[in-house]
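Work the whole structure out from these sequences, hints included.
Line by line, the protein sequences give chains Y and B.
All residue numbers for the first sequence refer to the numbering used here, where the first residue is 1 and numbers rise by one.
All residue numbers for the second sequence refer to the numbering used here, where the first residue is 1 and numbers rise by one.
If you're looking for bench data, these hints aren't it; they were derived computationally from the structure.
Take these hints with a grain of salt, some might be off.
Chain Y side only, calculated, beta carbon under 7 angstroms to chain B, not exhaustive [stated by the list, open to error]:
#, residue
1, Met61
2, Thr62
3, Asn70
4, Thr89
5, Ile202
Glycine included, C-beta positions come from ideal geometry on N, C-alpha and C.
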Amino acid sequence: MKSLIVLLPLMILVSCNPSTKESSISSSQATGGTGGGGNSNPPPTMEPRLTKVMSYNQYNMTLSKLTGINSSRASTLFEEIKGSLPADTNIDAMTSFNLVSKTRLADFYCGLYVNDYLAKTSFTNATNMKNHLLSTFLDYDVVSPNPIFDSLVTEVDNVLANNDGQNGKLIPSMSLSANDMNKNLSIMACVTILASTHITMIE
Amino acid sequence: MSLIYFFLVAFSFSNLEAQAPQHTPRELAKKLYVSLTGTQPSAAELNFLEPKIQSGQKAQAARDIIDQSPPINNGGAFYSVTIKDWATPKFNKQKTTLAPLNDGTATIIGMIRDERAFNTILYQDVMYKATGVTFKGGQLWYFDTAYPVIAGVTPSTLCAGLGLTSGQFKIIYTVPGSSAKACQRTKFTQAQLVAARDIDALYVPHKDLIIETNLVATTNRHYESISEQGLDLSDRQLLVSQGQGSKLHTSPAAIAGLLSSRAYGSAYFFAGTNRAPVAYAIEHFLCKDMEEINDTTIEDNRNRRDVDRSPGGSSTLYKNRCVGCHAGMDAMAGAFAYYDYLNGKVTYTPGNVVTKMNHNALFSAGYVTGNDSWINYWRVGQNAALGWSRDVTEGIGATSFGRMLADTEAFHSCMAKQAYEKVCMKKASANEDMARITRLTAAYKNSNFNMKSLFINAAIECLED
Numbered sequence: 001m002k003s004l005i006v007l008l009p010l011m012i013l014v015s016c017n018p019s020t021k022e023s024s025i026s027s028s029q030a031t032g033g034t035g036g037g038g039n040s041n042p043p044p045t046m047e048p049r050l051t052k053v054m055s056y057n058q059y060n061m062t063l064s065k066l067t068g069i070n071s072s073r074a075s076t077l078f079e080e081i082k083g084s085l086p087a088d089t090n091i092d093a094m095t096s097f098n099l100v101s102k103t104r105l106a107d108f109y110c111g112l113y114v115n116d117y118l119a120k121t122s123f124t125n126a127t128n129m130k131n132h133l134l135s136t137f138l139d140y141d142v143v144s145p146n147p148i149f150d151s152l153v154t155e156v157d158n159v160l161a162n163n164d165g166q167n168g169k170l171i172p173s174m175s176l177s178a179n180d181m182n183k184n185l186s187i188m189a190c191v192t193i194l195a196s197t198h199i200t201m202i203e
Numbered sequence: 001m002s003l004i005y006f007f008l009v010a011f012s013f014s015n016l017e018a019q020a021p022q023h024t025p026r027e028l029a030k031k032l033y034v035s036l037t038g039t040q041p042s043a044a045e046l047n048f049l050e051p052k053i054q055s056g057q058k059a060q061a062a063r064d065i066i067d068q069s070p071p072i073n074n075g076g077a078f079y080s081v082t083i084k085d086w087a088t089p090k091f092n093k094q095k096t097t098l099a100p101l102n103d104g105t106a107t108i109i110g111m112i113r114d115e116r117a118f119n120t121i122l123y124q125d126v127m128y129k130a131t132g133v134t135f136k137g138g139q140l141w142y143f144d145t146a147y148p149v150i151a152g153v154t155p156s157t158l159c160a161g162l163g164l165t166s167g168q169f170k171i172i173y174t175v176p177g178s179s180a181k182a183c184q185r186t187k188f189t190q191a192q193l194v195a196a197r198d199i200d201a202l203y204v205p206h207k208d209l210i211i212e213t214n215l216v217a218t219t220n221r222h223y224e225s226i227s228e229q230g231l232d233l234s235d236r237q238l239l240v241s242q243g244q245g246s247k248l249h250t251s252p253a254a255i256a257g258l259l260s261s262r263a264y265g266s267a268y269f270f271a272g273t274n275r276a277p278v279a280y281a282i283e284h285f286l287c288k289d290m291e292e293i294n295d296t297t298i299e300d301n302r303n304r305r306d307v308d309r310s311p312g313g314s315s316t317l318y319k320n321r322c323v324g325c326h327a328g329m330d331a332m333a334g335a336f337a338y339y340d341y342l343n344g345k346v347t348y349t350p351g352n353v354v355t356k357m358n359h360n361a362l363f364s365a366g367y368v369t370g371n372d373s374w375i376n377y378w379r380v381g382q383n384a385a386l387g388w389s390r391d392v393t394e395g396i397g398a399t400s401f402g403r404m405l406a407d408t409e410a411f412h413s414c415m416a417k418q419a420y421e422k423v424c425m426k427k428a429s430a431n432e433d434m435a436r437i438t439r440l441t442a443a444y445k446n447s448n449f450n451m452k453s454l455f456i457n458a459a460i461e462c463l464e465d
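Following this line, the structure appears as structure tokens:
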């Protein structure tokens with residue numbers, strides 16, 4: 001229950017990420033690839049390679065690879081939820097359950113990853129943590145970042161600042177120590193990246 | 001004026017549509033990586049691959065991704081994700097990828113990893129499983145400093161320098177293929193070692209791990225254990241080619257590559273009438289389902305007694321529909337007359353046709369299976385297009401049946417189509433797809449049926465789509 005409370009605002013953040021699904025659909029409509037409707041263009045000679053969604057196996061392996069956490073450490077959770085992760089790469093078959101399960105799995109890997117990382121390197125500031133996470137998980141150049149990551153970077157900044165993006169707090173401070181707060185926010189920032197479309201979608 | 005403007009706009013849009021999407025070498029490197037492994041590359045991996053793509057070395061870049069040339073490290077995802085997901089649906093009727101690793105998928109992975117001729121996979125004596133030393137059979141002992149001598153071996157001379165502390169155990173084992181002894185410090189506790197010995201587990205020295213149960217003929221735990229431990233399936237010391245004779249079958253005549261694997265048997269020999277192994281072999285390895293090869297023009301003298309000749313009181317339905325599949329399928333299914341799947345094990349009873357082949361005698365004049373002979377009636381008519389070779393019209397047992405399937409043109413083009421659809425992540429439907437598959441099939445045959453090369457070529461074919 002506790003983890004669900006943490007995951008729900010994260011899911012909203014993740015779902016707000018600019019989706020390449022939308023762009024792929026609009027581009028396929030523009031080329032007359034799907035739908036038809038009032039479009040009078042002739043059908044393409046070959047189905048365009050549309051954006052796909054990572055299947056359960058691909059996503060689990062990706063999380064394992066990017067975090068360096070052996071998939072065996074997540075095997076109990078993975079076996080429990082793999083039926084609710086996407087069975088294949090067909091984006092049209094994707095459901096909200098898939099998103100919940102992807103976020104749960106990312107949360108598990110991120111918990112291990114951030115704990116391991118903070119055990120070796122102390123948390124200095126949010127900017128360092130943001131740059132570390134982004135450059136570890138994505139093809140992200142800290143010096144000259146690609147603008148396609150702008151929206152994600154803003155969300156990661158918000159998470160690490162404990163800002164839900166609507167002038168509220170993601171985690172009420174309550175009795176958490178500064179260390180625990182930083183750790184939890186770092187885990188949430190990690191999930192924001194690993195459950196984002198930059199990772200879960202295949203172009 | 002407005003007409004000119006209209007044409008200018010129309011031209012500019014049509015020009016946009018005609019252009020193929022332009023990708024930078026870095027984007028292509030990422031696409032290639034994702035296509036082959038299903039995982040996202042790191043920046044360091046892209047830095048390594050980008051110049052290769054830029055200089056036109058796409059095939060080399062693909063091999064680097066698969067073989068994990070440093071700094072690439074994806075845990076063997078090409079095998080444990082892409083190939084496993086491709087192979088797994090072949091071993092269950094639901095065609096789901098959600099099933100665990102099994103001897104069939106492991107064998108496909110091993111054959112592709114080792115670049116062995118894939119056209120032998122339906123009849124060759126091959127099975128991939130983990131290798132190591134078994135606890136049973138006197139090959140492996142364990143002890144700590146409380147056990148100074150085991151079976152005449154003095155630990156102080158064999159295992160000097162291991163530096164055991166209290167509670168740590170060393171394993172002494174006979175090196176496979178020799179009488180020499182080797183020893184190794186292990187992380188396992190005495191309780192874990194006792195439990196492993198009791199289930200005849202496999203100890204893998206180079207990984208210092210225990211893979212549950214070595215009894216692959218009766219349980220799938222061996223392969224599930226490999227999956228659960230997240231092991232790198234590209235590790236050549238882990239999955240090793242072995243014959244089926246030592247582990248699965250006592251009769252050499254039973255061995256027919258994937259068709260005699262435990263996974264195939266559990267899916268298609270269990271219950272039923274043993275027609276399923278034929279129908280699913282044609283579907284998975286020739287890419288044709290029964291509807292597509294339905295041919296009502298061939299003779300039906302091998303149709304068994306359980307096929308109703310007048311379903312619902314109408315012989316027309318039988319003649320116009322049922323016979324189209326049964327005539328060919330029943331004639332081939334004799335190949336599996338001695339196979340069954342009982343108590344978690346593929347059984348083979350040479351000389352004794354399994355009961356299910358001849359039960360439910362709805363039509364007493366129907367064919368009674370008396371041995372494991374089979375006939376291919378689909379060599380003529382519409383299904384001649386499957387490209388049967390060697391003029392094989394009939395045979396004995398599953399081995400020759402598997403060989404006949406693997407020698408068809410349809411088998412080769414089916415493998416090319418499946419590889420293309422897998423790594424390009426789309427259904428092949430357009431003429432251009434078919435032209436690509438034709439090219440891939442030709443290259444596959446010229447490469448001595450190398451499936452790894454086929455997957456690489458397929459990924460490159462659609463890389464710039």
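field: Hint numbers contradicted by this structure
entry: Violated: none.
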